[in-house]
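Participant: Going down the list, the sequences are from chains A and B. Letter by letter, the first sequence follows residues 1 to 173 of this note's numbering. Letter by letter, the second sequence follows residues 174 to 647 of this note's numbering.
Source of the hints: derived by calculation from the structure; they are not laboratory data. This one's a predicted model, so the numbers in the text were calculated from it and none came from an experiment. Virtual Cβ for every residue (Gly too), placed ideally from N, Cα, C. The reader is advised that the hints may include incorrect statements.
Said to hold, decoys possible - Derived DSS-like pairs (lysine-lysine); straight-line CA-CA distance at most 27 angstroms: (1) B:Lys477 - B:Lys493; (2) B:Lys493 - A:Lys50; (3) B:Lys372 - B:Lys237; (4) A:Lys53 - B:Lys198; (5) B:Lys304 - B:Lys237; (6) A:Lys50 - A:Lys121; (7) A:Lys121 - B:Lys237; (8) B:Lys488 - B:Lys387; (9) A:Lys53 - B:Lys493; (10) B:Lys342 - A:Lys121; (11) B:Lys560 - B:Lys491; (12) A:Lys151 - B:Lys560; (13) B:Lys590 - B:Lys483; (14) B:Lys493 - B:Lys564; (15) B:Lys477 - A:Lys50; (16) B:Lys304 - A:Lys121; (17) B:Lys488 - B:Lys477; (18) B:Lys590 - A:Lys50.
Claimed, not checked - So these bits of chain A aren't anywhere near chain B, every CB distance computed over 10 angstroms: (19) Ala16; (20) Ala40; (21) Pro56; (22) Gly57; (23) Ile115.
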Amino acid sequence: MAFAQDPCKTHEERIARMMTDHGRELKRLCYLYLRDRALAEDAAQETFLKAYKALPGFRGQSSEKTWLTRIAVNTCRDMLRTFWFRRVDRKVDYDTLPEQAAEDPDGDDTVLQAILALPRKYREVIVLRYYQEMDIADIAAALGAPAGTIKSRLSRARNTLSKTLERWYFDEE
Amino acid sequence: MKSNIKPILDRQLSQLDWTPEETHKLLRQMRGEAPVKKRLSFALVLAIALALVAATAVAATLWKNYHEQIAQNEGTIGYFDTWTGQQRADFVLSMQQEGIDFDAAQVAQLEDKGTTDQQKKEIATRLVTEKYGIREDVVTAISILEAERGPLPGWSLEEKAAYTQLLVKTGTLGTDEEMYWLPGPGDIPQEKAIEVARKAVMDKFGATAADLDKLRVNAELRSFAHEREARTWYIGFSLPESGGYDPAQYDVWMDAANGEVQSCEDTARKVAESAANAPPPEAEDLFQGMIQEYHQAAPFTTPKLMELQKAWAPKMEKLKPFKWSTRGMMGVFVNLMAQELRLPAEGDLPMDKALERTREAVLVQPGWTREKLDMYELYAQVSYQSKELGKPVYQFFFNRHNVSDPRYDDPKDSWAKYERDYLNPLHALFGGDNASTPLYVSVRVDAITGEPTDDPQIVLPSLEGPPLEFTLLK
Numbered sequence: 001m002a003f004a005q006d007p008c009k010t011h012e013e014r015i016a017r018m019m020t021d022h023g024r025e026l027k028r029l030c031y032l033y034l035r036d037r038a039l040a041e042d043a044a045q046e047t048f049l050k051a052y053k054a055l056p057g058f059r060g061q062s063s064e065k066t067w068l069t070r071i072a073v074n075t076c077r078d079m080l081r082t083f084w085f086r087r088v089d090r091k092v093d094y095d096t097l098p099e100q101a102a103e104d105p106d107g108d109d110t111v112l113q114a115i116l117a118l119p120r121k122y123r124e125v126i127v128l129r130y131y132q133e134m135d136i137a138d139i140a141a142a143l144g145a146p147a148g149t150i151k152s153r154l155s156r157a158r159n160t161l162s163k164t165l166e167r168w169y170f171d172e173e
Numbered sequence: 174m175k176s177n178i179k180p181i182l183d184r185q186l187s188q189l190d191w192t193p194e195e196t197h198k199l200l201r202q203m204r205g206e207a208p209v210k211k212r213l214s215f216a217l218v219l220a221i222a223l224a225l226v227a228a229t230a231v232a233a234t235l236w237k238n239y240h241e242q243i244a245q246n247e248g249t250i251g252y253f254d255t256w257t258g259q260q261r262a263d264f265v266l267s268m269q270q271e272g273i274d275f276d277a278a279q280v281a282q283l284e285d286k287g288t289t290d291q292q293k294k295e296i297a298t299r300l301v302t303e304k305y306g307i308r309e310d311v312v313t314a315i316s317i318l319e320a321e322r323g324p325l326p327g328w329s330l331e332e333k334a335a336y337t338q339l340l341v342k343t344g345t346l347g348t349d350e351e352m353y354w355l356p357g358p359g360d361i362p363q364e365k366a367i368e369v370a371r372k373a374v375m376d377k378f379g380a381t382a383a384d385l386d387k388l389r390v391n392a393e394l395r396s397f398a399h400e401r402e403a404r405t406w407y408i409g410f411s412l413p414e415s416g417g418y419d420p421a422q423y424d425v426w427m428d429a430a431n432g433e434v435q436s437c438e439d440t441a442r443k444v445a446e447s448a449a450n451a452p453p454p455e456a457e458d459l460f461q462g463m464i465q466e467y468h469q470a471a472p473f474t475t476p477k478l479m480e481l482q483k484a485w486a487p488k489m490e491k492l493k494p495f496k497w498s499t500r501g502m503m504g505v506f507v508n509l510m511a512q513e514l515r516l517p518a519e520g521d522l523p524m525d526k527a528l529e530r531t532r533e534a535v536l537v538q539p540g541w542t543r544e545k546l547d548m549y550e551l552y553a554q555v556s557y558q559s560k561e562l563g564k565p566v567y568q569f570f571f572n573r574h575n576v577s578d579p580r581y582d583d584p585k586d587s588w589a590k591y592e593r594d595y596l597n598p599l600h601a602l603f604g605g606d607n608a609s610t611p612l613y614v615s616v617r618v619d620a621i622t623g624e625p626t627d628d629p630q631i632v633l634p635s636l637e638g639p640p641l642e643f644t645l646l647k
């Protein structure tokens, strides 16, 4: 969304609107990336703090959602790179999942579990493609990798997921 | 987007919300009214304790010092594109010392004390990116290794295990990454694993030993770092000419401790089936043509569809074998084009009266209001002879606006305009999320009496919804 079209007058109004529009989705994206609720909350907040600082330079070269997603991805990646994070036993269990995931009304959390169990490089492309609904070019830009790499990772990730997610399997592209 | 993953994840993560309090709190921080305080999660506290335990690193002899250097730097400094000019120059010089050939004059510049850090950054970056044919922001240990040795799946068991050792040694192994191992005392040997895999494929898919002999075997002993004791043998049987990340013909996974098969798939068949149902190139032309015609006709009427039936008959015939998605207007369009279209006859209810009856039929559905219905546009109003009912009917489709609608044209970002002006307000009417917002609504009525012949079909984006047009347009 270009700045000139935004009805919000100040940067503060604008970032507040972005939080309302995208906060929930970005927090969930960060959770899918980091697999830790507390870290996801920190990462989502950090994303908006960074976005606020970068806002004067944002001229709508990409959609607002894509721009925020890139910031969120980089924030999560920075967290993943930290010394401490790498040494954590991050095996996902029900205690660390949001309550709703463990108490899904349909009693089926296969999709969430399967995605959380993917290695990071596959999880991130799946999450960006199917949760953030970004196209290959945008994912490539957000992750700083060639589109070909993204496609091959998506293919491998889908291949892995297909074993557990036959009911939900993709029929696209 | 045809996958159903987003709504499922949204439902399962519904406890993770963004509250107005969070907005308020962050705004205070932005104004400098409140300090940014980060919570230390339990996981991080645990990590601090775990870090006191020294990790055992096994020396990897397959890699050179510069491989180790880049992996080490990724852990301590960050990725290559964040390094200083001097750090990049050191890396290039280290590569050169170990036999990587670079332009001597440029290397001399890197060694020259008079060269500025910025110049070193530019020279070193150019040398590395040109050498490997990769962009600056993807210069990583794994991309260099893959550039040198080919894609990781094709590496030997020893190379893969050495790669894991490299990551362990440099402290850069992500805890949820794959680890590759050489078989140890607790693992069944590779030959045994291949034997088990062959038997599994033969039993499950009827492949013969001769069939399998023609395929290339890829064996990996792996685990995720966080489940390092739960090792798995992966045995892939691939066509000899395939490589890299190409899918294997058969994939077999088994418990490395006892050879119990966990999964055995004929992956190539699945991929082939998926490819067979991929839209042919003509489908995209048809889709674009349909959109163009729709914008001119809006809504599609019987005469218009009759005209298109004639003009597009050859291409529709060609696309017949393709199984269209049961959602979205393309599927509806294709099915309408296959009907026995007829112009309204004497004695039929006038089209506008039938439309009125249709709207009434939608508005009596639970939760529907005029405001909601008005957010949808009439996509098609069609008269045809129903083969299923044996009588003439009218059918009406109320569809979401399309992002290609000229009213959402925006040279910078049409999607954002569409989202802001239409999609978000539409979602808001249906509870705020896409999953509960219908894609379209369809009603079929008797062409003479105007009575609905079926319940209105309200099609949600979810995968489990009814395949409307295929059940109605028989």
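Participant: State for each hint whether it applies.
Facilitator: Structure-based check of each hint:
Note on B:Lys477 and B:Lys493: the hinted pairing holds, with a Cα-Cα distance of about 21 angstroms set against a maximum of 27 angstroms. Note on B:Lys493 and A:Lys50: the hinted pairing is violated, with a Cα-Cα distance of about 51 angstroms set against a maximum of 27 angstroms. Our distance criterion of 27 angstroms between C-alpha atoms is broken by B:Lys372 and B:Lys237, whose separation comes to about 40 angstroms. With a C-alpha separation of about 16 angstroms, the suggested pairing of A:Lys53 with B:Lys198 holds against the 27 angstroms cut-off.
Taken as a hint, the B:Lys304 and B:Lys237 pair is honoured in the structure, with Cα atoms around 17 angstroms apart against an allowance of 27 angstroms. At most 27 angstroms may separate the alpha-carbon atoms for a hinted pair to count; A:Lys50 and A:Lys121 meet this at roughly 24 angstroms. Annotation: proposed proximity of A:Lys121 to B:Lys237 holds, straight-line Cα distance about 25 angstroms (limit 27 angstroms). Under the criterion of a C-alpha separation no larger than 27 angstroms, the hint pairing B:Lys488 with B:Lys387 is inconsistent with the structure, at around 40 angstroms.
A C-alpha spacing of about 54 angstroms is found between A:Lys53 and B:Lys493, which places the hinted pair above 27 angstroms, so the restraint is violated. For the given pair, B:Lys342 sits about 20 angstroms from A:Lys121 by alpha-carbon distance, which is consistent with the 27 angstroms threshold. Restraint check for B:Lys560 and B:Lys491: the C-alpha separation of about 23 angstroms stays at or below 27 angstroms, so the hint holds. Restraint check for A:Lys151 and B:Lys560: the C-alpha separation of about 44 angstroms exceeds 27 angstroms, so the hint is violated.
Only pairs whose Cα atoms come within 27 angstroms are accepted, and B:Lys590 paired with B:Lys483 is rejected, the gap being roughly 36 angstroms. With a C-alpha separation of about 25 angstroms, the suggested pairing of B:Lys493 with B:Lys564 holds against the 27 angstroms cut-off. A hinted pair counts as satisfied when its Cα atoms are at most 27 angstroms apart, and B:Lys477 with A:Lys50 does not qualify at roughly 52 angstroms. Between B:Lys304 and A:Lys121 the CA atoms are separated by roughly 25 angstroms; this keeps the pair inside 27 angstroms, and the hint holds.
With a C-alpha separation of about 17 angstroms, the suggested pair B:Lys488 and B:Lys477 falls inside the 27 angstroms cut-off, and the hint holds. For the given pair, B:Lys590 sits about 24 angstroms from A:Lys50 by alpha-carbon distance, which is consistent with the 27 angstroms threshold. Distance check for A:Ala16 against chain B: the nearest CB is about 6 angstroms away, which does not clear 10 angstroms, and the non-interface claim fails. The claim that A:Ala40 lies off the interface is violated: its Cβ sits roughly 7 angstroms from the closest Cβ of chain B, which falls inside the 10 angstroms cut-off.
Consistency note on A:Pro56: stated as away from chain B, and its beta-carbon is indeed over 10 angstroms from all of that chain's, at 13 angstroms minimum. With a closest Cβ-Cβ approach of about 15 angstroms to chain B, A:Gly57 is found to remain outside the 10 angstroms limit, as its non-interface label requires. Listed as a non-interface residue, A:Ile115 fails to keep its Cβ farther than 10 angstroms from every Cβ of chain B; the least gap is roughly 7 angstroms.
Going down the numbered hints, you'll see the structure goes against 2, 3, 8, 9, 12, 13, 15, 19, 20, 23, while the others check out.
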